[in-house]
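Colleague: Sequences listed follow chains A and B, in order. Per numbering that gives the first Met the number 0, the very first residue in the first sequence carries number 0; after that it's consecutive. Per numbering that gives the first Met the number 0, the very first residue in the second sequence carries number 0; after that it's consecutive.
Hints were generated in silico from the structure; no laboratory data involved. Among the clues, some could well be false.
Identical chains blur together in the list; that is why a pair holds if it fits in one copy or across any two.
Claimed, not checked - When the alpha-carbon atoms are kept at most 25 Å apart in a straight line, the in silico DMTMM-like pairs for lysine to aspartate or glutamate are as follows:
| no. | residue 1 | residue 2 |
| --- | --- | --- |
| 1 | 233 | 123 |
| 2 | 5 | 199 |
| 3 | 233 | 320 |
| 4 | 66 | 320 |
| 5 | 233 | 188 |
| 6 | 66 | 20 |
| 7 | 46 | 70 |
| 8 | 233 | 324 |
| 9 | 5 | 123 |
| 10 | 5 | 305 |
| 11 | 308 | 190 |
| 12 | 46 | 58 |
| 13 | 5 | 142 |
| 14 | 308 | 344 |
| 15 | 66 | 77 |
| 16 | 66 | 131 |
| 17 | 233 | 260 |
| 18 | 233 | 17 |
| 19 | 66 | 17 |
| 20 | 46 | 254 |
Number of protein chains: 2
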Amino acid sequence: MTYFRKNIEAMAGYVPGEQPEAGQRVVKLNQNENPYPPSPAVVEAMKAFDAGGLRLYPDPMATALCKAAGEVLGVPSEWILPGDGSDDLIMMLARAAAGPGRPIAYPTPTFPFYRTQGQIEGAELVEVPAAEDFSLPIGRLAEVNAALTFVCSPNSPTGAVADADALAELAGRLSGILVIDEAYVDFADADALSVVGRCDNVIVLRTLSKGYCLAGLRLGFGIARPPLLEGLVKTKAIYNVGALPAALGAAAMRDRAYHAECVARIRSERARLAAALEARGFVVWPSGGNFLMVTVPGGDGRGALEALKARNVLVRYFQQDRLLDKLRISVGRPVDTDALLAALDDAGVGNTP
Amino acid sequence: MTYFRKNIEAMAGYVPGEQPEAGQRVVKLNQNENPYPPSPAVVEAMKAFDAGGLRLYPDPMATALCKAAGEVLGVPSEWILPGDGSDDLIMMLARAAAGPGRPIAYPTPTFPFYRTQGQIEGAELVEVPAAEDFSLPIGRLAEVNAALTFVCSPNSPTGAVADADALAELAGRLSGILVIDEAYVDFADADALSVVGRCDNVIVLRTLSKGYCLAGLRLGFGIARPPLLEGLVKTKAIYNVGALPAALGAAAMRDRAYHAECVARIRSERARLAAALEARGFVVWPSGGNFLMVTVPGGDGRGALEALKARNVLVRYFQQDRLLDKLRISVGRPVDTDALLAALDDAGVGNTP
Numbered sequence: 000m001t002y003f004r005k006n007i008e009a010m011a012g013y014v015p016g017e018q019p020e021a022g023q024r025v026v027k028l029n030q031n032e033n034p035y036p037p038s039p040a041v042v043e044a045m046k047a048f049d050a051g052g053l054r055l056y057p058d059p060m061a062t063a064l065c066k067a068a069g070e071v072l073g074v075p076s077e078w079i080l081p082g083d084g085s086d087d088l089i090m091m092l093a094r095a096a097a098g099p100g101r102p103i104a105y106p107t108p109t110f111p112f113y114r115t116q117g118q119i120e121g122a123e124l125v126e127v128p129a130a131e132d133f134s135l136p137i138g139r140l141a142e143v144n145a146a147l148t149f150v151c152s153p154n155s156p157t158g159a160v161a162d163a164d165a166l167a168e169l170a171g172r173l174s175g176i177l178v179i180d181e182a183y184v185d186f187a188d189a190d191a192l193s194v195v196g197r198c199d200n201v202i203v204l205r206t207l208s209k210g211y212c213l214a215g216l217r218l219g220f221g222i223a224r225p226p227l228l229e230g231l232v233k234t235k236a237i238y239n240v241g242a243l244p245a246a247l248g249a250a251a252m253r254d255r256a257y258h259a260e261c262v263a264r265i266r267s268e269r270a271r272l273a274a275a276l277e278a279r280g281f282v283v284w285p286s287g288g289n290f291l292m293v294t295v296p297g298g299d300g301r302g303a304l305e306a307l308k309a310r311n312v313l314v315r316y317f318q319q320d321r322l323l324d325k326l327r328i329s330v331g332r333p334v335d336t337d338a339l340l341a342a343l344d345d346a347g348v349g350n351t352p
Numbered sequence: 000m001t002y003f004r005k006n007i008e009a010m011a012g013y014v015p016g017e018q019p020e021a022g023q024r025v026v027k028l029n030q031n032e033n034p035y036p037p038s039p040a041v042v043e044a045m046k047a048f049d050a051g052g053l054r055l056y057p058d059p060m061a062t063a064l065c066k067a068a069g070e071v072l073g074v075p076s077e078w079i080l081p082g083d084g085s086d087d088l089i090m091m092l093a094r095a096a097a098g099p100g101r102p103i104a105y106p107t108p109t110f111p112f113y114r115t116q117g118q119i120e121g122a123e124l125v126e127v128p129a130a131e132d133f134s135l136p137i138g139r140l141a142e143v144n145a146a147l148t149f150v151c152s153p154n155s156p157t158g159a160v161a162d163a164d165a166l167a168e169l170a171g172r173l174s175g176i177l178v179i180d181e182a183y184v185d186f187a188d189a190d191a192l193s194v195v196g197r198c199d200n201v202i203v204l205r206t207l208s209k210g211y212c213l214a215g216l217r218l219g220f221g222i223a224r225p226p227l228l229e230g231l232v233k234t235k236a237i238y239n240v241g242a243l244p245a246a247l248g249a250a251a252m253r254d255r256a257y258h259a260e261c262v263a264r265i266r267s268e269r270a271r272l273a274a275a276l277e278a279r280g281f282v283v284w285p286s287g288g289n290f291l292m293v294t295v296p297g298g299d300g301r302g303a304l305e306a307l308k309a310r311n312v313l314v315r316y317f318q319q320d321r322l323l324d325k326l327r328i329s330v331g332r333p334v335d336t337d338a339l340l341a342a343l344d345d346a347g348v349g350n351t352p
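Go ahead and model the full structure; you've got the sequences and the hints to work with.
Modeller: Structure follows, in structure tokens:
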């Protein structure tokens, strides 16, 4: 007997994006982090927080956080299941619904953590390639009809957004669960939250990591109708969300003005970055996220990655089919865009405009 | 097709201990929480924490926390895997090592979350009853030889502590993993950490919830030799521990004087509580934890629970074999003990001394 299950022994673990050494000065555009600090309301909530209360277990359902999220999204808080980041929800879903004889399907390329979760559960992985324009292959996913179907929208790394009506149609054709992972939706023109109201097999995932500048806090949640959540909660850790993150997350969500301003800045900078890269000969794929997938002039994605890294600019490159000539670049502040463009020009990647 | 796996559909979820309504004044001795606030160093660390940095993902391995833990425990920090509470480690272990054909074994009665995790994985559950004196059935667990064996020591709800040499012998006879869950060990006379150095199939779990007064923060970790951790980390969420809890937890662990004082107070109060209950005719079982398992005079555990609840004192009762005449009572502050004893006397549970 080996210590671990065969599928665990066989798999490689998920490899997170590179993080700079402490004190290293870099322009960090490789993990789609928000370039702005969280709302000042988070700092206020931290100051007001009673540390003495940390001796007690937190509310297992993080009701305060779910209430804030419900108000912001206009859904009953009973439709919301909190997570230690939206990763936590993805793990709960895989444990509850996938396994031998219960496949996981998802478009490719996409967030590789869905594959990792399928590997852990020993589930068949059905990878459906995105169309030539990288639009999400909704029709093909319906034909596959997996026990658990993941659609990341806006999708990482492509930026593609799936239409809500198309997702509702997909859900209607599936006999399993459809997960719409909207980690990046704050930066898109439209969301698919309404699909939850229409279909009892749909869960929408949201996170505070991107739009709320709180990747360090680990807060996410799923929105679904109560019968779906009743099954899912069985795989939840007893107290998965700490009392302090829950309080800070609720404060961040309630500061609507800050969120709107932060999102507007990033959308505006995304447009400027796209134009500047197009002027340099990059193909820029349409993106609803706080990042752009771009095809590098000349087609050497890895070369461009390394040239930028040598100039202290971190972006993301994926060593996989259809992405070898591409980079994924997070949208930062205007100074970050300037630094990226200067580094590209210095390295001679793309035309000098 | 149902949305969830058959074993998920069939199981009931874990039910956490009762929490009082907000604003309700109770003496809360039902979840083995520490009655004292966390170290002042936690408050200082929170004040000093740069909230702006929360926009970035945390260190996936929570190195700062593991370094503090390694220094305190005298083990290399590479032997430590951080968790969102020790529940998180229990879940990683179940996902990595248990499943059909790979049973989970544990003594009974014990922490019911091991059973929950086995149910989620569809693993056979081998429950080995504790001896008549509730000592842990180490020898029988060796005969079972499960893929994953859990020993909670000090055990909840019994308080029993397993001997380190006996655990090492058990590990040597197992071909699977032995998990020594030491959530309560801060309050015991001895621990079994040394077993990790002797056996490559052993992981010791620790938490900051009990001894460090931080149940609300969700911090735990596993200590094992690197080859075991290499398999286990594959089932870890990418960023399971937030940057803020990691910083506060490291500060709490480094305040050795506060920890020692806090533990000393609880051990002293545990002795006083035990004597007072014995004087009232309770049988008090030996405990290495911050709680006592007691047999109620007259044998009506549920009646005693309800009588105390009616007097705003919460304790824990387990509706299960061998525990129907018992309560588990957390050790609180001297005033909490006084309130508990007054409520017992008022309700006429036990002799008036």
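Colleague: State for each hint whether it applies.
Modeller: Hint-by-hint comparison with the structure:
In this homomeric assembly, residue 233 and residue 123 come within 25 Å of each other (Cα to Cα) both inside a single copy, at 23 Å, and across copies, at 18 Å. Taking the shortest alpha-carbon separations for residue 5 and residue 199, only the inter-copy value of 19 Å comes in at or below 25 Å, while the best intra-copy value is 34 Å. In this assembly of identical chains, residue 233 and residue 320 lie within 25 Å of each other by CA distance solely across copies; the values are 24 Å between and 37 Å within a copy. Neither within a single protomer nor between protomers do residue 66 and residue 320 lie at most 25 Å apart by alpha-carbon distance, with minima of 42 Å and 39 Å respectively.
In this homomeric assembly, residue 233 and residue 188 never come within 25 Å of each other (Cα to Cα): the closest approach is 34 Å inside a single copy and 36 Å across copies. In the homo-oligomer, the alpha carbons of residue 66 and residue 20 lie at most 25 Å apart only across protomers (16 Å), although the nearest pairing inside one protomer, at 38 Å, exceeds that limit. In this assembly of identical chains, residue 46 and residue 70 lie within 25 Å of each other by CA distance solely inside one copy; the values are 24 Å within and 30 Å between copies. In this assembly of identical chains, residue 233 and residue 324 lie within 25 Å of each other by CA distance neither inside one copy nor across copies; the values are 43 Å within and 29 Å between.
Both within a single protomer and between protomers do residue 5 and residue 123 lie at most 25 Å apart by alpha-carbon distance, with minima of 14 Å and 17 Å respectively. Proximity of residue 5 to residue 305 under the C-alpha cut-off of 25 Å is found in neither arrangement, the shortest distances being 36 Å within a copy and 48 Å between copies. Taking CA atoms no more than 25 Å apart as the test, residue 308 paired with residue 190 passes in neither setting, with 34 Å inside one copy and 47 Å between copies. In this assembly of identical chains, residue 46 and residue 58 lie within 25 Å of each other by CA distance both inside one copy and across copies; the values are 20 Å within and 24 Å between.
For the identical chains of this complex, residue 5 and residue 142 are inter-copy neighbours only, at 23 Å across copies versus 30 Å inside a copy, given an alpha-carbon limit of 25 Å. Only within a single protomer do residue 308 and residue 344 lie at most 25 Å apart by alpha-carbon distance; the minimum there is 14 Å, versus 72 Å between protomers. For the homomeric pair residue 66 and residue 77, the shortest alpha-carbon distance inside one copy (9 Å) is at most 25 Å, but the shortest distance between copies (39 Å) is not. In this assembly of identical chains, the alpha carbons of residue 66 and residue 131 never lie at most 25 Å apart, being 41 Å within a copy and 48 Å across copies at closest.
In this homomeric assembly, residue 233 and residue 260 never come within 25 Å of each other (Cα to Cα): the closest approach is 38 Å inside a single copy and 38 Å across copies. When the C-alpha separation of residue 233 and residue 17 is checked against a cutoff of 25 Å, the pair qualifies only between copies, where the shortest distance is 17 Å, while the shortest distance within a copy is 33 Å. In the homo-oligomer, the alpha carbons of residue 66 and residue 17 lie at most 25 Å apart only across protomers (21 Å), although the nearest pairing inside one protomer, at 35 Å, exceeds that limit. Taking the shortest Cα distances, residue 46 and residue 254 sit within 25 Å of each other both inside one copy (16 Å) and across copies (22 Å).
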